[in-house]
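**Student:** If you want the building blocks of each chain, they are given just below.
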Amino acid sequence: MRVHTTNIDDDGEPFPRAFKNQPTEQDGMSVDWSKYTTPIETKNRARKPNENVVIQFMAGNARTIPNQSVEHKPINNPPNQAHSEVLGSKKTPTEVRARFMDIYNIILPLE
Amino acid sequence: MYNEVHYSEDIFCESPNIIVRRPWHEANPVIDIRRTALNEVDAWVPVSIFEAKIAHNRHRKNTTLRERNFWENEIHIDDSIFSPQIERAIKMSEFILGLPENWDEEGSPKYLRETWNAATQFVRKTALLYKKEVGKWINAPKITPGPDGSIDVRWKNSKRSILVNFPANSITPADFYGSDKQIDVIKGTLNLSSQNHWILQWLNR
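Chains A and B, in that order, are what the protein sequence lines are.
Position 12, counted from 1, in the first sequence is what our numbering calls 12; the numbers after and before it change by one each time, with no gaps.
Going from the second sequence to our numbering is simple: count from 1 and add 111.
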């Protein structure tokens, strides 16, 4: 999953709000399934790759967070076989964002 | 309760029972917190350096350039009253107030000063109560922009973390979640008018 610098603090750590659905709360949080891609490919799919951090978490851990489900949803435009979505509200309760903060690791920090 | 403004010596801030005093003859300003009643910690709220500067700027026409520079560049904190690390974290979080509408290009609203005040006053108050109870300062939290104009405050140590969210709507209570990533979990809502330093005691258990 990519996190843009607007949601990264001075220590290089994502803000809890980085875990959010886009474009609306009713949508999902876009992630890439590592089975079909690499961290650098995920980074390079950003409009400005150098402004993004790549983090990872286990889908199984995400599914233990309240109301969260993970679905593989490949897209064609632009093509991305790895594209997946983490569905379920991220705004409430606070537990959701707190628990994402507990399960992620940074794999490609800012350059 | 104080109701006087002494332009040359005291700077009266918005919190009614707090005076930020700067004796002109001393090198450093002294932040003087006064209580309305003995042993009623809830009766006062520490004033922030930012608020002190605002108050000072109201009366800056009465000050010299040197005095202005002193306040704007060389403010010191009496660390027997405040934790410098926590004050620094609060100061750094002021950037949140400067974020414009749609700052993330995803439609996020501006952050209200009331929300920031609620979050930072909570940080100060719980840290002071924790210090009073335990005898040492808690580490500084991260104070960051949250969703929908809310503000997140997150403390973390090697074993545990806790996230408190302060909604933009002041009617909605602050919501929190803490865990050790294993079995020890706390969660719920906070009454901000009560003493909540127990969450910091849980964090450092």
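Rather than coming from a laboratory, the hints here were simulated on the basis of the structure.
Hints may be right or wrong, so weigh each one.
As the list claims (entries may be wrong) - Facing chain A, from chain B, some residues (calculated, C-beta under 7 Å):
#, residue
1, K202
2, F206
3, R224
4, D286
What the hints assert, rightly or not - Derived contacts from chain B toward chain A, CB cut-off under 10 Å, selection only:
#, residue
5, E212
6, K221
7, G257
8, L303
As the list claims (entries may be wrong) - Computed far set for chain B versus chain A, every beta-carbon distance over 10 Å:
#, residue
9, E205
10, W214
11, L240
12, N250
13, N302
14, S304
15, H308
16, W313
In this text the structure is predicted, and so the values were computed from the model without any measurement.
Where is the CB? At the ideal position from N, CA and C, for every residue including glycine.
**Student:** So, for every hint listed, does it hold in this structure?
**Tutor:** Okay, the hints, checked on the actual structure:
{"no.": "1", "hint": "K202", "result": "13 Å, violated"}
{"no.": "2", "hint": "F206", "result": "10 Å, violated"}
{"no.": "3", "hint": "R224", "result": "19 Å, violated"}
{"no.": "4", "hint": "D286", "result": "4 Å, holds"}
{"no.": "5", "hint": "E212", "result": "14 Å, violated"}
{"no.": "6", "hint": "K221", "result": "15 Å, violated"}
{"no.": "7", "hint": "G257", "result": "5 Å, holds"}
{"no.": "8", "hint": "L303", "result": "15 Å, violated"}
{"no.": "9", "hint": "E205", "result": "14 Å, holds"}
{"no.": "10", "hint": "W214", "result": "7 Å, violated"}
{"no.": "11", "hint": "L240", "result": "22 Å, holds"}
{"no.": "12", "hint": "N250", "result": "13 Å, holds"}
{"no.": "13", "hint": "N302", "result": "16 Å, holds"}
{"no.": "14", "hint": "S304", "result": "20 Å, holds"}
{"no.": "15", "hint": "H308", "result": "19 Å, holds"}
{"no.": "16", "hint": "W313", "result": "14 Å, holds"}
Going down the numbered hints, you'll see the structure goes against 1, 2, 3, 5, 6, 8 and 10, while the others check out.
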